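Next come the chains, spelled out residue by residue.
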Amino acid sequence: GQSLEQPSEVTAVEGAIVQINCTYQTSGFYGLSWYQQHDGGAPTFLSYNALDGLEETGRFSSFLSRSDSYGYLLLQELQMKDSASYFCAVKEAGTALIFGKGTTLSVSS
Amino acid sequence: SAVISQKPSRDICQRGTSLTIQCQVDSQVTMMFWYRQQPGQSLTLIATANQGSEATYESGFVIDKFPISRPNLTFSTLTVSNMSPEDSSIYLCSASGMTTRHNEQFFGPGTRLTVL
Chain A
42 GQSLEQPSEV TAVEGAIVQI NCTYQTSGFY GLSWYQQHDG GAPTFLSYNA
92 LDGLEETGRF SSFLSRSDSY GYLLLQELQM KDSASYFCAV KEAGTALIFG
142 KGTTLSVSS
Chain B
23 SAVISQKPSR DICQRGTSLT IQCQVDSQVT MMFWYRQQPG QSLTLIATAN
73 QGSEATYESG FVIDKFPISR PNLTFSTLTV SNMSPEDSSI YLCSASGMTT
123 RHNEQFFGPG TRLTVL
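For the protein sequence lines, the chains are A and B, in the order given.
At the far end of the first sequence sits residue 150, using the working numbering, and the numbering has no gaps.
At the far end of the second sequence sits residue 138, using the working numbering, and the numbering has no gaps.
Note that these hints are calculated values from the structure, not bench results.
Note that the structure is a prediction, hence the values are computed from the model and not measured.
Fair warning: there could be bad hints in the mix.
[Stated by the list, open to error] Okay, the calculated beta carbon distance ranges per label pair: (1) 83/B to 44/A: 15 to 23 Å; (2) 37/B to 91/A: 42 to 50 Å; (3) 36/B to 97/A: 47 to 55 Å; (4) 42/A to 87/B: 15 to 23 Å; (5) 49/B to 118/A: 29 to 37 Å; (6) 71/A to 93/B: 25 to 33 Å; (7) 80/A to 36/B: 23 to 31 Å; (8) 40/B to 56/A: 45 to 53 Å; (9) 94/A to 93/B: 38 to 46 Å.
For every residue, glycine included, the Cβ atom is placed at its ideal position computed from N, Cα and C.
Please build the complete structure, drawing on both the sequences and the hints.
In structure tokens:
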């Protein structure tokens, strides 16, 4: 089976930088994904890492270390609208994403 | 990208009854999935909807309780049978593959189910 660990809550102020860590255990591994979900909304795709290293998409970056079974999501120049739940998820070949428990990010002014 | 719609968006049902949730994708996709999410909790995979064959269920979920159909590459249904209050949750349809990037799953807006 799979298991993913991420912090349950993170708080920060506007303009700050936040890192949300994720460690995983899985029998097969194809990649680590990150999703954002606002209250009452559907999860939306943020990033995907299949190989070691950093992927940058605007204010958001995601990192993966396959040898450490570890990844993180980095959010820069935080805005109030970034307040949401963030989920890491792993994908095995030909299967659905399995999600971590989620991290609630609260951004204050 | 793929746009996924679900019907109904919400419903309130009596225990012992059944509800069928429909999921429509605006483009052909390889994979379709059904998840359940309690408010404030993570997403739990119920099953993979396979076109032309029986769905593949995750541990703890069975076909008699959650029958799933997938008649083609853009449509699937999930039925919640013989409902109890414990089935109250948000049910999410998801899809990936073919016209979507292979590593991205898209999600529908969810169906909020309350069982009294």
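Structure-based check of each hint:
Look at residue 83/B against residue 44/A: about 19 Å separates their beta carbons, and that is inside 15 to 23 Å. Between residue 37/B and residue 91/A the CB atoms are about 45 Å apart, so this pair conforms to the stated range of 42 to 50 Å. Look at residue 36/B against residue 97/A: about 51 Å separates their beta carbons, and that is inside 47 to 55 Å. Checking the proposed 15 to 23 Å range against residue 42/A and residue 87/B shows it holds: the Cβ atoms sit about 21 Å from each other.
With their beta carbons about 34 Å apart, residue 49/B and residue 118/A fall inside the hinted range of 29 to 37 Å. Under the hint 25 to 33 Å, the C-beta atoms of residue 71/A and residue 93/B, about 28 Å apart, fit the expected range. Between residue 80/A and residue 36/B the Cβ separation comes to about 28 Å, which falls inside the hinted range of 23 to 31 Å. About 50 Å separates the C-beta atoms of residue 40/B and residue 56/A, a value consistent with the hinted range of 45 to 53 Å.
Roughly 42 Å separates the CB atoms of residue 94/A and residue 93/B, a value that falls within the hinted 38 to 46 Å.
Going through the hint list in order, the structure satisfies each hint without exception.
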